[in-house]
Amino acid sequence: MKKFILFSFISALIMLLLSCKKNHDNAPTPQDQNETELITTVSLIIKENGTPVNTFTFNDPDGAGGVNPIVDQITLEANKTYTCTLRLLDETKNPTDTTSLEIEEEKDVHQFFFHPSAGTNMSFAYVDYDDHHVPVGLQSTITTGAAGTGTLRVVLKHQPGLKPTSGNGDEALGETDMEVSFDVTIQ
Amino acid sequence: MHRFLYLFVVCMLHVSTVAWAQKTAGCSFEIDGTLLDLSTGEPLEGASVYLQEQNLQALCDEDGNFIFHNLCKGSYTLSFFHVGSLKKDTIIALEQRKTKINISVQQDASHQEELIVTGERHDTLTPHASHASLTGINLDLAKSTSLGEGLKSLPGVYAQQSGVNTYKPVIQGLSGNRILIFNNGVRQEGQQWGTDHAPEIDPLVADEIQVIKGAESVRYGSDALGGVILIKPAPLIDRGLKTEVYLSGTSVNRGGTASAKMDWAPSFIRNFSTRIQGSIKQGGNYKTPRYYLNNTGIREYNFSVAARKEFRRLSIDFYYSQFNTETGIFAGSHIGNLTDVKRALETDEPLTPQSFSYDIGRPYQHIEHELAKGELSYRLGKGQRLSVEVTRQYNYRAEYDSHRAASAAPGLEFKITTHTATLNWKHRISSRIKGDVGVNGLYQENTVAGRIFIPNFINNTIGVYWLEKLKWNRWNWEAGIRYDVRNLKAYFNKSGVIADSSYQYHNYSASLGGSYAITDHQQWNLLLSRAFRSPAVNELFSHGLHHGVAAIENGNAQLIPEVAYNVSTSYCIEKPNLRVELNLYANYIENYIYLHPSQELELTVYGAFPSFQYSQTNALLLGGDLSLRYDLLKKIQLTCKISSLSGEDLNNGSPLIYMPPTRIEPSVSYLFKNTGLLHEPTLSITSTLMFKKENAPTDGDYSPPPNGYALLGLQASTKVKAGQTWITTGLKVNNMLNTVYRDYLDRFRYYHDAPGIGVQLFVKIPLTLID
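Keeping their order, the protein sequence lines are chains A and B.
Following the numbering used here, the numbering of the first sequence begins with 598 at its first residue and continues without gaps.
Following the numbering used here, the numbering of the second sequence begins with 43 at its first residue and continues without gaps.
Hints may be right or wrong, so weigh each one.
Stated by the list, open to error - A few chain A residues that face chain B, going by a derived Cβ cut-off under 8 Å, partial list only: (1) LEU615; (2) CYS617; (3) ASP622; (4) PRO625; (5) THR626; (6) GLN630; (7) PHE655; (8) PRO658; (9) GLY662; (10) VAL664; (11) GLY747; (12) LEU759; (13) LEU770; (14) THR773.
Stated by the list, open to error - Here are the simulated DSS-like cross-link-like pairs (lysine-lysine), alpha carbons at most 27 Å apart as the crow flies: (15) B:LYS284 - B:LYS415; (16) A:LYS619 - B:LYS284; (17) B:LYS351 - B:LYS424; (18) B:LYS513 - B:LYS468; (19) B:LYS384 - A:LYS704; (20) B:LYS476 - A:LYS690; (21) B:LYS115 - B:LYS513; (22) B:LYS351 - A:LYS600; (23) A:LYS600 - B:LYS415; (24) B:LYS384 - B:LYS115.
Simulated from the structure, these hints should not be mistaken for lab results.
A virtual CB, placed ideally from N, CA and C, is assigned to each residue, including glycine.
This is chain A alone, in the form it adopts within the complex:
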């Protein structure tokens, strides 16, 4: 009895020690810092029927911190109607990852919001909608008014389980996946 108990105890101990959790990763061979998903590039592809395409880009190839991002100035003509397409890229990947395609797939939990400042005299209208007919914003229409200057802020909200299933969406919900600002001139 005594030997049996002692034997089972020692075997249990050895089994316990052998079952210790182990780290199979190796510190001297770290994971590539660029492996995680990042949005490095936000482009507004704006065009008017019959005219060349204008692309305005916010570009921060090294992500948060480090080198400051390069942001284009948006210049549009007064009293015109444009179509606007958003393209989001992760250029740290090879080949480049087109984040906007993934957003298109997950449009039920994403929405873009456009905030032109008062002086810009421009307005946005959503063109694309998700499965519940709530706007997404990858496609939109820009209508410009009189000449003016100001800024345009574009926000992408990630709203898993929170995005409304009717109406025009709610910017207050969820968390911000992207928020970029452009200087705008309407001339």
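Given chain A, work out where chain B should sit, using these hints.
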């Protein structure tokens, strides 16, 4: 050896002048004794003393001392056990708190007993500047919450919170990398640098949680600039089979905890003891006075095994424990950028609808911590002992966020494995002088996956220490010195190119402490110490956006170690109806590492963020803790705890951020009469007055410190006789008036109120299956 074993048992009863431990409401009689071997005059270290009526057990320390707290007037039976099968019973009448009795027992092989009772006083003083413990009912109540939350009730201890589930202890204004936690003697190593990384320890393993305030680096290792927390499990039993079941419920999150412990010392294996313990915990969304907090559920399961085998001179100890948790993080706190923080600040209530649920969704943390320890201890002779301790810890932390890229994998994953080895020689130069000399080493490997915030690293340290204690009349002195060397190598991978950088830090720590027994009831302590802490990995290399706090943190590879110079003094009175402990301290920290806010916002694709750079300054922390207890008519007990401190950045002439505000905690207890069925029934009304933090820096904080608040609570406890055993039960009502408040040290005060009224209830059922 001797065919006949003669033993001299000295048992002295007097009011403790040693343990300035915080007491639970209840009786305050104590048994404080010393056990000596008659033939050698040596203290019987490791002998156990069992208090039958209370089912309490104490272990004699290196001086043969043992103590039982919080007893009531009455008659008690003490049993002594020791290797070499000494077993002695003696009955003690505890009638005065100040009764001083010596009991000498002579025993021979035929087990004939002789009992001699004389009166004598014995002093055992440890020159610690200040310490406080969580024991008894207060510990039992704390076991249904988390470690950091429970410790908040001690004077001088606060908690840095990230919401309702994440509490990091703050000792005299310092936390995180600057305090050390020892779980069953093992230095806890995980990702303790993170403000939202709570200690991975189950409070249910503890029989006592002790907080040592002040820079205690010599004994416990470098980095302990603020203090040390010791999680102490109960000693293993020497005979029989005992179980204990603990059940508790908390209404504020509809949570429950269940734990069971079994102690067994089989009679057919000599000097072998073992324990197995496990616990499960589950809680749902917390309720504040006005709304629920979505996704604040928690699930936890933990277990531990311990075993001890003693031979004539050698003892072998083994301990293994596992901690596993899944902790929900309030969904409204995982914000994307500064605009989101501002929106949360502008709204009084969370924007998303809040309801009760046990579900844990993203964002949440999954944490596993595993600890294994083996110890060999060999008694060389008179007061001499050589011990070797080897430990391994594995900590796994996965953080699942709700960002766009969220796949099934965690957004951030840390795995850290730590091995330590310690060799200690406990020696005794004379009956007055004894000490410890030792060396300890640590080897640590960390890997990170996902959004890289800190790099992979390999860290190793080695430290040598030497401590001596001197007892002389009413004085007790302790002096110690320590030297540590640390090597750190970090590894980086940028687009497939692997680089590394190496750092070496070395420095010494020293301490000198003295305590003086002014009278039998008064003691004065002074502790002077120097300690250092080398920069942690996050301070050197963290890089990027910290989504939880909406800030960009940049490490600084040029940092040099912090050096703390600490002066701490305390004065204590311990009388039958009065206890006072006043502790004053000054902690000057050279090259204090902190996050310096830069003036410009940094632009990212997520918007603009404030950015912070790890910088160094000289800091001075000044403060005091006061603890008072006064007994009125032997029925009513008034207590009050006051903690206050200020932290100053001396180079910039500005206050330090996140220093705890002044706190006052008055309470009144009524002690009912014992009956045949109830033992120590007590009812208390407690209160907490937290002042508004004045002069707090505004840089780096998105909202000014919240207003002060006052909370009212109720606590009731008793032991109930059920057959042969006494069941302990306690009830606590927190925030009884359902006050709406936010705490300065809670990072989530931007997003939500603190929890509202909540009832905690616990029962602890001990059962002796084989005596």
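Against the structure, the hints come out as follows:
A least Cβ separation of about 11 Å between LEU615 (chain A) and chain B goes past the 8 Å threshold, and the interface hint is therefore violated. Taken as an interface hint, CYS617 (chain A) checks out: its beta carbon lies about 6 Å from the nearest beta carbon of chain B, inside 8 Å. Against a cut-off of 8 Å between C-beta atoms, the interface hint on ASP622 (chain A) holds, since the closest Cβ of chain B lies about 4 Å away. Interface restraint check for PRO625 (chain A): the shortest CB-CB distance to chain B comes to about 5 Å, inside 8 Å, so the restraint holds.
For THR626 (chain A), the interface hint holds, the least distance from its beta-carbon to any beta-carbon of chain B being 7 Å, beneath 8 Å. Checking GLN630 (chain A) against chain B by beta carbon gives a least distance of about 5 Å; that is within 8 Å, so the hint holds. Proximity of PHE655 (chain A) to chain B holds as hinted, the smallest CB-CB distance being about 7 Å (cut-off 8 Å). For the restraint placing PRO658 (chain A) at the interface with chain B, the shortest Cβ-Cβ distance is roughly 11 Å, beyond the 8 Å limit, so the hint is violated.
Annotation: GLY662 (chain A) was flagged as interfacial toward chain B, and the flag holds, the nearest CB pair being 5 Å apart, inside 8 Å. Hint on VAL664 (chain A) is violated. Least Cβ distance to chain B is approximately 11 Å, over the 8 Å limit. Interface hint at GLY747 (chain A): violated, since its Cβ lies 17 Å from the closest Cβ of chain B, which is beyond the 8 Å cut-off. A cut of 8 Å between beta carbons decides the hint on LEU759 (chain A): the least distance to chain B is about 6 Å, and the hint holds.
This hint holds: LEU770 (chain A) has a C-beta 6 Å from the nearest C-beta of chain B, less than the 8 Å allowed. Nearest Cβ of chain B to the Cβ of THR773 (chain A): about 3 Å, under the 8 Å cut. The hint holds. The straight-line distance between the Cα atoms of LYS284 (chain B) and LYS415 (chain B) is roughly 23 Å, inside the 27 Å bound, and the hint therefore holds. Between LYS619 (chain A) and LYS284 (chain B) the alpha-carbon distance is near 34 Å, which puts this suggested pair outside the 27 Å criterion.
With a CA separation close to 21 Å, the supplied pair LYS351 (chain B) and LYS424 (chain B) stays within the 27 Å bound. At roughly 16 Å between alpha-carbon atoms, LYS513 (chain B) and LYS468 (chain B) fall within 27 Å of each other, so this suggested pair holds. Restraint check for LYS384 (chain B) and LYS704 (chain A): satisfied, since their Cα atoms lie roughly 26 Å apart, inside the 27 Å limit. For a cut-off of 27 Å, the pair hint linking LYS476 (chain B) to LYS690 (chain A) is broken: about 64 Å separates their Cα positions.
This hinted pair does not check out: LYS115 (chain B) and LYS513 (chain B) have alpha carbons roughly 32 Å apart, beyond 27 Å. For the suggested pair LYS351 (chain B) and LYS600 (chain A), the alpha carbons sit about 15 Å apart, so the restraint of at most 27 Å is met. Between LYS600 (chain A) and LYS415 (chain B), the direct Cα distance comes to roughly 24 Å. Compliance with the 27 Å bound is thereby established for this hinted pair. At most 27 Å may separate the alpha-carbon atoms for a hinted pair to count; LYS384 (chain B) and LYS115 (chain B) exceed this at roughly 59 Å.
Violated hints, listed in ascending order, are 1, 8, 10, 11, 16, 20, 21, 24; each of the other numbered hints is respected by the structure.
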